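Q: One letter stands for each residue in the lines below.
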Amino acid sequence: MRFRVSSMKVEASAGSQNMPPLLKVENLVKCYARRSLVGRGEELLALNGVSFTVFPGTTLAVVGESGSGKSTLASCLACLESPTAGNIWFEGKDIVKVEERVRRQLRPQIQLIFQDPASSLNPRWSVLEILLEPLILRRKFTREEMKQCASSLLERVGLSPDFVERPPTELSGGQRQRLAIARALALQPKLLILDEALSALDCSVQAQIANLLRELQSSLGMTYLFITHDLAMAVYLADEIAVMSRGRIVELGSAEQILDQPQHETTRQLLRALPRMTRALPAPEQ
Amino acid sequence: MRYLLRRLSHALFLLAGVSILAFLFTALAPGTYFDEMRLNPQIAPETVTALRAQYGFDKPLPVRYASWLRSVIHGEMGFSFAYNGPVAPLLLVRARNTLLLTITATLLAWGIALPLGVWSADRLGRLPDRLLSWATAGLLVIPDLAVALGLLVLAVRSGWFPTGGMASVDFETLSPFNKLRDLALHMILPVTALVLSSLPLLVRHVRAAVADVLNAPFLLAAVGHGIRKRTLLYRYALPAAANPLISLFGFSIGVLLSGSLLIEVVMSWPGLGPLLLEAVLARDLYVVVGGILGSTLFLVGGNLLADLLLYWADPRIRTESGAR
Amino acid sequence: MASVLEIQNLQVSYRSREGILSSALAGVSFDLMPGEIIGVLGESGSGKSTLAVSLVRLLPRNGEIIRGAVHFEGQDLLRATPDELQQIRGRCISLIFQEPSLALHPTLRAGEQVRQVLAAHSAPGKSALNERTRQVFAQLFPEDADRISRSYPHQLSGGQRQRVLIAQAIACGPSVVIADEPTASLDSATQMELLAVFRTLRERMGLAMIFITHNPALLSGFADRVLVLYGGQVVECGPAATVLASPRHPYTKALFQSIPAIFEERGSGRKTKLPVILGDSARSSLPRGGCPFEPRCTERMSVCREREPSLVNLSASHEVSCFKYES
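Protein chains in written order, with the numbering used here: chain A, 1 to 286; chain B, 1001 to 1324; chain C, 2001 to 2327.
Any given hint might turn out to be false.
Claimed, not checked - Computed beta-carbon distance windows for the label pairs:
1) B:Arg1130 - C:Met2301: 28 to 34 Å
2) A:Gln109 - C:Ser2317: 52 to 58 Å
3) C:Asn2130 - B:Arg1126: 37 to 43 Å
4) A:Gln109 - B:Trp1134: 54 to 60 Å
Read the hints as simulated data drawn from the structure, not as lab findings. Since we're looking at a predicted model, the values are computed, not measured. Ideal Cβ positions, reconstructed from N, Cα and C, are used throughout, including at glycine.
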């Protein structure tokens, strides 16, 4: 597989070039067994030898149609499922093979954000409880510390600290996604996996969250794995794009390469399916 | 298929377990049939000891269980001391009577509960629905025994129905049609008692399950396609609400069965209930074990039937278990 | 040409548990011509889903149509009896719902679900019904119509399920189809495929469509006219090509700019922030009296807070509700 260091990445995070990769996935295979009538195992290869590398402070977008295996990839990386074969090196440690004790330490550093934040937020809890649940599991806090911590997290994602006592049901879709990001940030993760995290939001809100993600990247040096079917947003957010189809990465390159010289048919199809109205739109005022 | 086989093997294990437990507990309970004989001065102690030996009561429990198992295989299921014969034929007649009662009551209760529950769910929160809710709540708090006794009183006062038993004295002389009519007349009271005892619960569950489904997007979509109300309720809502109801169906068979044991005693219906009661009082060991096993068989059968229905009703379960 | 559907000053409100009415549609009017595709563009809180369901009176229990009229073939649907409505729904006006996985009955075969729609509106024999069902399936699934019609929804892909929904909607040959975000949960290739299906159906059956979406990109090359909803009001309406290429209302402009535009962003442009509309999508509880977009508008004037703007004709067919264009 072609792997070029894109010019964008150098520009985005000078110096990261010489840093060791944050995440290195090698030959990842995930196979689901389906039983059929006669008991003969039918196998579904959701991931069929996926390899890529993500450097700290950069964004890799994984783009593909539904059923291409991109969500399976997300669950494997977030340790929600264990891959059938292959290695996932996170900061030099293989999270597939390490013992449970080590994995438990590594896991909080990889946070997953879902498409629909509503279903991952307990409606009976207040925003404060939602935000700090992962922290409280680790150590005790005084009431004052908790409030302070929650306020600073909320501020960081552009939510008013007044939300602290309210239930998440009072938040709009965009606000809930901000809350989900804030909760993920509470554990000070190094890698955020965004599994279709923008897809359910309104266009104008998508833009807000996309900007937030970029702000967080430049201020905290976050690393993103942005999983989406929206190629346009992938180009906007990512340094590199991996195009997936049927459990394989069929093309991997900088956002520019993917746009200008798509090599694989799947990529061309995705580009063709991209609504062309953008050409007619007025250029953004800067 | 695999799903059904798995369910069937579960059922078999359950039956074996219940038989061992029933055997153990009845054997551990103080006193045997022969202890009462011993108190009778007309029977010589030697005779009692000989009888004990004949029925294997001098052997350890596992041996007795094994010999009982052997007699089960021979279709005897042990020996009744009180009736002085094998248990199986005795049980069979009684079980048939109980089944007749339970099945009729089950069908009738569900036959009323389904339309009533759907009707009520369709009017959720409106006056008719609220009235029905009150009525079912009222029925729910009256104990089964009170219902049965009340019905008995009614029957005695009015003289409309026979007040007990399964057949009139002159049953054997009746024509086939009149035999059926006589049986039906005798069944009215116990069946009514059983239906009344289980109906409120069923209606409430049907109503809740259907009301739940009536808010589902696919029903709104069906309304949007101009599907008629009747079709909507019975062809769309009811099947979609079926899963919890089918499980309840299996459960309701069990409830009706235990209810019927009680009602049989009160209304002197010659089913398993009175037999079991007599046997327990007389320490007629193998009849007790057989009766318990018979009831368990009904229960397990009911649940198996529910599983089968579920398998038939929900294509998603079919695919899950791999039989496409 | 006479319109097939004429919506006049439609006002719909929802009653909260405390009994307070909040407005979801505040006077929406437009005409739908035979065979026309109108794209209704709006974000959450704009009232677009309320519009879809109130046209055929499928509002949830707490929804109330305050006033207005929906004329279809000389009849006001808002005053039709339940029986009349049942006959109109599915036969004259069909609805396609948002989530194909939720809008299909989970335990009925796809074919049966289409057959039931046909059976509700005609009383031919069983074989005629089956034959008609087969035809409808053949139209939407040229390849394996039989297999799909025998399948249960959970055995179908998202795109296939959506096609079954379309089959239900067009089975009785309606003249109007209202589709509420029919492609929102599908990936882009399937989305494009379905838009093509809709276009073919329009050509073949002369269907008029109200296509509701939050994604303006879907409308270019698809819709004939675009209607932009904000806060329960039409803020802009005009031919799709005009509105999409040169939007005039501040909201429409800002909305289009907030979508990452690939073909313009090569090179250095990419690193700039996306222009966003500040604040959240309109909440129906906004104070009335001014322009609904005023709180988020970057071009607001003092008059915007004082009274509601009305639709101004920019050209014969392009209307905008903004004081900037009032003379």
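Q: Decide, hint by hint, whether the structure agrees.
A: Hint-by-hint comparison with the structure:
With their beta carbons about 55 Å apart, Arg1130 of chain B and Met2301 of chain C fall outside the hinted range of 28 to 34 Å. Gln109 of chain A and Ser2317 of chain C have their C-beta atoms about 56 Å apart, which keeps the hinted 52 to 58 Å range intact. Taking the beta carbon of each, Asn2130 of chain C and Arg1126 of chain B are about 38 Å apart, inside 37 to 43 Å as hinted. Between Gln109 of chain A and Trp1134 of chain B the CB atoms are about 58 Å apart, so this pair conforms to the stated range of 54 to 60 Å.
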